[in-house]
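Sequences listed follow chains Z and F, in order. Taking this note's numbering, the leading residue of the first sequence gets 125, the next gets one more, and so forth. Taking this note's numbering, the leading residue of the second sequence gets 125, the next gets one more, and so forth.
Keep in mind that the hints were calculated from the coordinates and are not lab data. Any given hint might turn out to be false.
[As the list claims (entries may be wrong)] Have a look at the derived ranges for each label pair, beta carbon to beta carbon:
(1) Leu509(F) - Pro341(Z): 58 to 64 Å
(2) Pro127(F) - Pro341(Z): 25 to 31 Å
(3) Met125(Z) - Glu238(F): 54 to 60 Å
(4) Glu506(Z) - Gly549(F): 48 to 54 Å
(5) Glu276(F) - Met125(Z): 27 to 33 Å
(6) Thr464(Z) - Arg354(F): 52 to 58 Å
[Unchecked claim] Take a look, some chain F residues computed to stay more than 12 Å from chain Z by CB distance:
(7) Thr180
(8) Ala181
(9) Arg298
(10) Gln346
(11) Arg354
(12) Lys381
(13) Ile471
(14) Glu531
[Unchecked claim] Covered stretches of chain F (in silico footprint by chain Z; criterion: 3 or more residues with CB under 8 Å from a CB of chain Z, positions within the stretch not fixed):
(15) 249-261
(16) 389-403
(17) 411-418
(18) 424-435
(19) 458-465
(20) 477-488
Since the model is a prediction, treat every value here as computed from it, not as a measurement. Cβ coordinates follow ideal geometry from the N, Cα and C atoms, glycine included.
2 protein chains.
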Amino acid sequence: MEPVRVGLLGLGTVGQGTATVLLRNAEEITRRAGRDIYVDFVATRDAAKAKALGLTAARLTDNAWDVVDDPAVDMVVELFGGDTLAKELLVKAIANGKHVVTANKALIALHGNEIFAAAEAKGVMVAFEAGVAGGIPVIKALREGLSANRIEWLAGIINGTGNFILTEMLQKSRDFADVLAEAQALGYAEADPTFDVEGIDAAHKLTILSSIAYGTPLQFKQTYTEGISRITAEDVAYAGELGYNIKHLGLARRTAKGIEQRVHPTLIPQRCLIANVHGVMNAVQVQGDAVGPTLYYGPGAGAEPTASAVIADIVDVVRAMTADPNNRVPHLAFQPSKLTNTQVLPIEEVETAFYLRMKVADRPGVLADITRILGERDISIEAFLQKEPAKDESDVDIIMLTQRVREGNMNEAIGQIEQLAAVAGEVTRIRVEALA
Amino acid sequence: MEPVRVGLLGLGTVGQGTATVLLRNAEEITRRAGRDIYVDFVATRDAAKAKALGLTAARLTDNAWDVVDDPAVDMVVELFGGDTLAKELLVKAIANGKHVVTANKALIALHGNEIFAAAEAKGVMVAFEAGVAGGIPVIKALREGLSANRIEWLAGIINGTGNFILTEMLQKSRDFADVLAEAQALGYAEADPTFDVEGIDAAHKLTILSSIAYGTPLQFKQTYTEGISRITAEDVAYAGELGYNIKHLGLARRTAKGIEQRVHPTLIPQRCLIANVHGVMNAVQVQGDAVGPTLYYGPGAGAEPTASAVIADIVDVVRAMTADPNNRVPHLAFQPSKLTNTQVLPIEEVETAFYLRMKVADRPGVLADITRILGERDISIEAFLQKEPAKDESDVDIIMLTQRVREGNMNEAIGQIEQLAAVAGEVTRIRVEALA
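Construct the complete structure from the given sequences, taking the supplied hints into account.
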């Protein structure tokens with residue numbers, strides 16, 4: 125069969141990884157795909173890098189529009205990142221009737237609805253496995269492997285930087301700021317770490333997973349997003365005493381009232397497999413009504429792991445090129461005409477259990493006041509720790525685990541508790557999920 | 125589009141699960157697949173069961189040949205099990221130009237080469253995701269999700285009964301026979317447990333995974349198979365002291381000398397995620413050269429988990445029906461013309477580390493004799509435990525972890541150690557894998 129000609133936009137980390145793996149494993153990939161797949165045209169400003177990678181047969185240009193407009197290119201692989209130029213290039217490639225593969229989660233989360241509509245109108249595919257959880261084929265698992273299931277919920281550790289930081293805090297009792305500085309030195313975290321540690325990157329990925337799980341248009345703006353920058357070494361230690369690890373989770377859950385779509389630090393029982401996913405690794409647990417729990421684990425970033433997903437998408441697109449477009453796997457797992465506009469629940473309406481930590485004066489009656497405020501809102505306490513004061517302090521740390529409660533009720537209760545004269549400063553609260 | 129008519133062979137556990145999930149999730153499945161999929165014709169001797177399941181519109185027959193010969197049936201789903209009648213029925217369905225889905229791992233492991241050749245000649249598909257690791261879409265991950273990779277090795281807990289037994293032995297310090305009796309009472313183990321506890325079921329599954337990983341024909345007879353029936357509570361406890369859990373693994377590894385394809389009890393470091401997969405759950409870890417380590421976890425058996433995989437296959441077949449057969453995912457992941465006859469290594473040629481346990485007389489010089497025998501075959505000792513004798517015994521238990529060694533060398537060394545007058549009875553040996 126005819127070889128497939130790939131146009132590659134970008135030779136950054138993932139672009140280099142993609143070129144390297146396509147060249148190194150060319151024989152193995154051809155044995156699988158049944159035809160040669162090669163990089164025909166590359167948009168890069170660094171011709172020397174292309175040569176160093178061994179892309180000696182590829183045409184080079186420093187103008188990405190040349191690639192998306194080239195009639196010989198069967199498929200455009202967008203690895204620039206960013207969401208402005210990348211979007212314009214993808215839209216043009218699609219208008220030119222080309223299939224597209226991208227690792228760009230922000231682009232899909234923010235503009236996917238529009239991009240998919242354009243692709244469907246032209247009968248081309250947009251593949252984006254590499255956008256979520258790097259090398260883990262979790263989009264494939266959700267869209268195809270679990271197609272028999274109503275997805276009940278999914279929960280993912282989908283930002284490697286955040287998981288590296290929380291793992292160091294757990295295993296070495298270190299502080300957030302200290303570990304962040306190290307992560308920046310190691311290149312795991314950007315100089316401006318906001319995207320990772322404040323959960324925006326995870327929210328992009330969760331938005332995509334949620335739409336694929338429930339068959340709704342992408343709703344990034346509705347994703348509740350909270351980062352890990354306020355987690356302290358004490359919280360990590362107290363959670364451990366109670367049998368929990370703190371992980372930064374993206375959660376999507378189908379409820380009778382709507383879809384929960386939220387990214388935040390979460391206490392998870394240590395006996396759960398996902399609580400033991402450490403370092404820069406990612407994992408996504410999916411609960412289907414037929415299959416029950418499944419989990420997908422692997423590296424969430426890096427040149428070759430991400431390239432693994434990019435190339436799997438390229439092979440998938442090659443295989444589906446000759447299929448009737450109506451029989452292809454839909455972009456959001458469900459047929460475009462069958463998407464539903466199920467509402468994303470406001471975070472105040474979400475029900476979870478909570479971990480609460482507060483500093484209180486060590487005198488009679490304080491605990492009674494706190495439990496009365498909680499009880500008035502039907503909030504039951506499931507576990508309780510009291511920590512003796514440090515040498516030069518008089519206040520004690522109180523830690524509680526509550527049962528499940530509507531978040532709005534918890535907010536009211538915390539507001540009242542913070543008014544108590546015996547309570548110093550703010551109440552720390554972290555959501556708790558049993559994942560069962 | 126036209127609905128897809130499924131012919132179902134068998135209403136046993138998985139057949140009932142498949143019918144139940146297809147009916148319960150019909151709307152969700154149609155939203156994904158883009159067309160209705162319904163059970164049109166069922167081979168069962170139990171018409172009442174079909175009615176009870178809600179298969180009120182389906183035609184029923186007690187003659188399975190009626191289903192495979194029926195012109196209205198688009199796809200045959202074989203859930204009888206066994207490898208004689210099932211094979212004849214599949215071959216006939218294929219000859220009739222029908223696509224086939226099966227959960228029958230024995231059938232594929234033993235007769236897959238012949239069945240796939242027949243299917244390729246007729247341009248139809250044979251799908252078998254449910255045959256390996258139940259509801260976990262691991263065949264899809266290997267064949268499609270990791271298509272960019274040279275697979276280096278894979279290791280799976282792929283028999284739920286065996287993992288239940290080893291988990292109970294670990295968590296409750298119980299003996300094998302005691303737990304097996306309970307597993308039989310709970311219905312997790314058959315009255316004749318040979319298939320599960322002696323590793324034959326796992327060997328069927330590993331044979332399939334190995335072919336898909338390396339692009340070789342199925343080679344069941346070459347799979348080395350060792351069960352868990354000789355694992356003792358002491359071995360589990362001693363392994364724990366050394367930082368390992370014992371799991372029944374199926375392992376396939378590509379080496380310069382050939383493919384390792386083996387099922388046996390294995391010590392795995394407790395820090396590995398797969399060492400913490402407990403109870404009846406399954407997991408498969410796959411090491412690809414680009415992606416690195418990935419892991420797939422979920423229920424390996426049960427009516428609805430297995431049905432989840434069966435129905436995912438049905439949807440996949442529906443999607444690929446209109447594709448050029450040459451562009452479909454090949455049965456064994458690689459194009460039939462590109463399979464290689466890479467040799468499976470005899471177990472004597474495999475290199476692993478070993479756990480050794482032996483009873484020896486508690487007197488000077490014994491340990492020197494043992495380490496001399498090991499040293500003469502370049503076997504280094506990595507860890508060592510000596511256990512004081514029980515009250516009315518004089519012999520002590522010696523436990524060693526060795527470094528990696530060719531199994532043939534270890535067999536020779538053990539033979540000589542067992543000749544020593546100071547060593548009582550046989551030396552217990554269990555292979556050790558770092559999975560890194």
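Hints not upheld, ascending by number: 3 and 20
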